[in-house]
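Visitor: Throw the hints in and build the complete structure from the sequences for me.
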Amino acid sequence: MTPTSLEPPPVPRQPGPSARGLFLRSFLVQGMWNPRDLLGSGMAWILEDQPGASPGATAGLAPGATAGLAPGATEVAPLAPFNSHPYLAGVALGAVVREREQGRLAPEAEARFRAALRAPLGALGDALVWAGWVPFLALAALGLLVMGAPPLPVVGAFLVAHNLLHLALRRWGVRIGLRHGVQVGAALGRSPLRPAGDVFRQGVVVLAGFVAALAAVRGGLYLAEGAPTATGLAAVGLLFVGVGYVLAGRLPVTTPLRLALLLLGVGWIAAMAPGG
Amino acid sequence: MLGPWGVTLLLVLGAWTALDAAAVGQFMVGRPLVAATLGGWVAGDPAAGMLAGALLEALHLAQVPAGGARLPDPGPGSVVAGGVAALAGAGAGAGAAGGALALALTLGVGLSLLGGRLVERHRKANADRVAAAWSRGHPLGGVLRGALSRSAIRGAALVAGGLAVASLISPAVMARWPLSPGGTVALLAVPAFLGLGSVARTPVPGHRRGMGLLAVGVLAGAAAGVLFGILFGGGDAGAGVGAGFGVGVAPEVLGRAGGAP
Numbered sequence: 001m002t003p004t005s006l007e008p009p010p011v012p013r014q015p016g017p018s019a020r021g022l023f024l025r026s027f028l029v030q031g032m033w034n035p036r037d038l039l040g041s042g043m044a045w046i047l048e049d050q051p052g053a054s055p056g057a058t059a060g061l062a063p064g065a066t067a068g069l070a071p072g073a074t075e076v077a078p079l080a081p082f083n084s085h086p087y088l089a090g091v092a093l094g095a096v097v098r099e100r101e102q103g104r105l106a107p108e109a110e111a112r113f114r115a116a117l118r119a120p121l122g123a124l125g126d127a128l129v130w131a132g133w134v135p136f137l138a139l140a141a142l143g144l145l146v147m148g149a150p151p152l153p154v155v156g157a158f159l160v161a162h163n164l165l166h167l168a169l170r171r172w173g174v175r176i177g178l179r180h181g182v183q184v185g186a187a188l189g190r191s192p193l194r195p196a197g198d199v200f201r202q203g204v205v206v207l208a209g210f211v212a213a214l215a216a217v218r219g220g221l222y223l224a225e226g227a228p229t230a231t232g233l234a235a236v237g238l239l240f241v242g243v244g245y246v247l248a249g250r251l252p253v254t255t256p257l258r259l260a261l262l263l264l265g266v267g268w269i270a271a272m273a274p275g276g
Numbered sequence: 001m002l003g004p005w006g007v008t009l010l011l012v013l014g015a016w017t018a019l020d021a022a023a024v025g026q027f028m029v030g031r032p033l034v035a036a037t038l039g040g041w042v043a044g045d046p047a048a049g050m051l052a053g054a055l056l057e058a059l060h061l062a063q064v065p066a067g068g069a070r071l072p073d074p075g076p077g078s079v080v081a082g083g084v085a086a087l088a089g090a091g092a093g094a095g096a097a098g099g100a101l102a103l104a105l106t107l108g109v110g111l112s113l114l115g116g117r118l119v120e121r122h123r124k125a126n127a128d129r130v131a132a133a134w135s136r137g138h139p140l141g142g143v144l145r146g147a148l149s150r151s152a153i154r155g156a157a158l159v160a161g162g163l164a165v166a167s168l169i170s171p172a173v174m175a176r177w178p179l180s181p182g183g184t185v186a187l188l189a190v191p192a193f194l195g196l197g198s199v200a201r202t203p204v205p206g207h208r209r210g211m212g213l214l215a216v217g218v219l220a221g222a223a224a225g226v227l228f229g230i231l232f233g234g235g236d237a238g239a240g241v242g243a244g245f246g247v248g249v250a251p252e253v254l255g256r257a258g259g260a261p
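Order-wise, the sequence lines are chains A and B. Under our numbering, think of the first position of the first sequence as 1, with each following residue one higher. Under our numbering, think of the first position of the second sequence as 1, with each following residue one higher.
Hints in this document: simulated from the structure, not taken from any laboratory. Every value quoted in this text rests on a predicted model; they were computed, and no experiment measured them. Mixed in with the good hints there might be a few duds.
What the hints assert, rightly or not - Where chain A lies over chain B, by a calculated footprint (3+ residues, C-beta under 8 Å): (1) 41-52; (2) 83-90; (3) 129-135; (4) 213-226.
Said to hold, decoys possible - According to the in silico footprint, chain A covers these stretches of chain B (three or more CB under 8 Å from chain A): (5) 3-11; (6) 162-172; (7) 184-191; (8) 198-206.
What the hints assert, rightly or not - So the derived list for chain B, only partly shown, Cβ under 10 Å to chain A, looks like this: (9) L56; (10) L59; (11) P65; (12) G95; (13) G116; (14) L118; (15) A157.
The beta-carbon is built from N, C-alpha and C at its ideal position, and this holds for glycine as well.
Guide: This is how it looks when you write it as structure tokens:
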């Protein structure tokens, strides 16, 4: 059919972003994070060059344009929420890109697919990275520092070690998404992420105890002359660790921070008091 | 005294750590230990920055940024804490070293809590801007650029504010702080130990396995602490170690020259 002047010009099919492009854009997936659509806007921005992108998210659309809307429509559907651990968002991105390029997924099916990925991508990443890998490395760095290691090399090693896993996770996520498409759930299930998270979280528990006891004993030895007093101080330190253990989950996670501010505030009031 | 380049670097670092918290990459530059050490490094004393950063790290360790949890934003505050610990510590003299550390930590903790509030408002504004752009068919790239700019400005402004407050506190005021640096570390060790205890409750597979793992860690840490005490004395200069979390710091930083803190 020959286009007439009344018809919109045909939109050329955009080539899909490469794995490298998805990998790089995934670093900004949380750039517009908000409580309404979570990572949905970041996903939409990354995918907006894609064929099948929702109206209004197509790159280069003129402000106020309604191209792509159904005739007579004046509003676009709200942006679909999406959530994932940010390091694993590439799994969903890769899978959606693959299915769109092959034209195999209707918009409704894509929405269902993205919704189905939210829980596993969030839970796997949170258990592996936020509850496992990051505190594990932070505690290892603290342990090294308590033992007297120099600060800059320890901080450098922390950053390098963390980002080796970080970058590998992002790259792997994009690749398995592009390779498996909607079948990516099975690939995630076969991945070593869950057992690795279990191992790191066990390491976190051991290291938390190690660092606390090391700091308590060293602090006691530093602050007190004589073994009995030093032992007493170390025991007091470990008592607070025990209190933190028992109260974990019952108090807000900001409690240590607020208590620190309170103690510092009391100290400054004492400092400023007349005759202080 | 920090020159214009030093101040600029701290502001840039503040912007970077604010972006790194969630919006760009999450390379962990905004972790308190990293941000404070870098802040101290820019200000000329990474060890003093690290001391503040280690304490702040222990205080923030239990916070897991999962599922959009509303949490403090420690990066810019930690940059200020590290910078102030280095600068105030160097300029305050031995008598005010405890006050310098207390000032650094007060600013670090306070700015972290304030930063968290600002992030929350920023994210709500993001929701409105995204919805407006989406409904009008505008590309989201402009919204993204705006959101990133505001994050960077927030981080730099927090650092600027923190440094401005610190510059108003004279060494005479810091000298009134009632505790030595070692005593200040011990004071902050109380909530830091609470935080470590909370982290030790991290769920692990297997019933009661967590308690066993924690016991192993505590015993190993206590043994290592005693061994260090035997080898190097009570946290003495040989190992360059201070009081517990006052770690890897030369004794002059902690204001202790072999005597009681």
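Visitor: Next, verify each hint and record whether it holds.
Guide: Cross-check of the supplied hints:
For the stretch 41-52 of chain B, the stated coverage by chain A holds: 5 residues have a C-beta nearer than 8 Å to a C-beta of that chain, and at least 3 were required. Only residues whose beta carbon comes within less than 8 Å of a beta carbon in chain A count, and the stretch 83-90 of chain B has 0; fewer than three means the coverage is violated. For a cut-off of 8 Å, the count of residues in the stretch 129-135 of chain B with a CB near a CB of chain A stands at 6, and the three-residue condition holds. Coverage of the stretch 213-226 of chain B by chain A holds [criterion: at least 3 residues with CB-CB distance below 8 Å; count 13].
With 0 residues having a Cβ less than 8 Å from any Cβ of chain A, the stretch 3-11 of chain B misses the three-residue criterion, and the hint is violated. Counting residues of the stretch 162-172 of chain B whose C-beta lies closer than 8 Å to any C-beta of chain A gives 0; at least three are required, and the coverage claim is violated. Residue count for the stretch 184-191 of chain B with a Cβ under 8 Å from a Cβ of chain A: 8. That meets the three needed, and the coverage hint holds. Requiring three or more residues with a Cβ within less than 8 Å of a Cβ of chain A, the coverage given for the stretch 198-206 of chain B holds, as 8 such residues are present.
Proximity of B:L56 to chain A holds as hinted, the smallest CB-CB distance being about 9 Å (cut-off 10 Å). Given the 10 Å rule on beta carbons, the hint for B:L59 holds: about 5 Å separates it from the nearest Cβ of chain A. Nearest Cβ of chain A to the Cβ of B:P65: about 6 Å, under the 10 Å cut. The hint holds. Because the beta carbon of B:G95 sits about 13 Å from the nearest beta carbon in chain A, more than 10 Å, this interface hint is broken.
Checking B:G116 against chain A: minimum C-beta separation of about 8 Å stays under 10 Å; hint holds. Residue-level restraint check for B:L118 is violated (minimum Cβ-Cβ distance to chain A is 14 Å; threshold 10 Å). Interface restraint check: B:A157 against chain A, minimum CB-CB distance 19 Å, threshold 10 Å, status violated.
In summary, the numbered hints that this structure violates are 2, 5, 6, 12, 14, 15.
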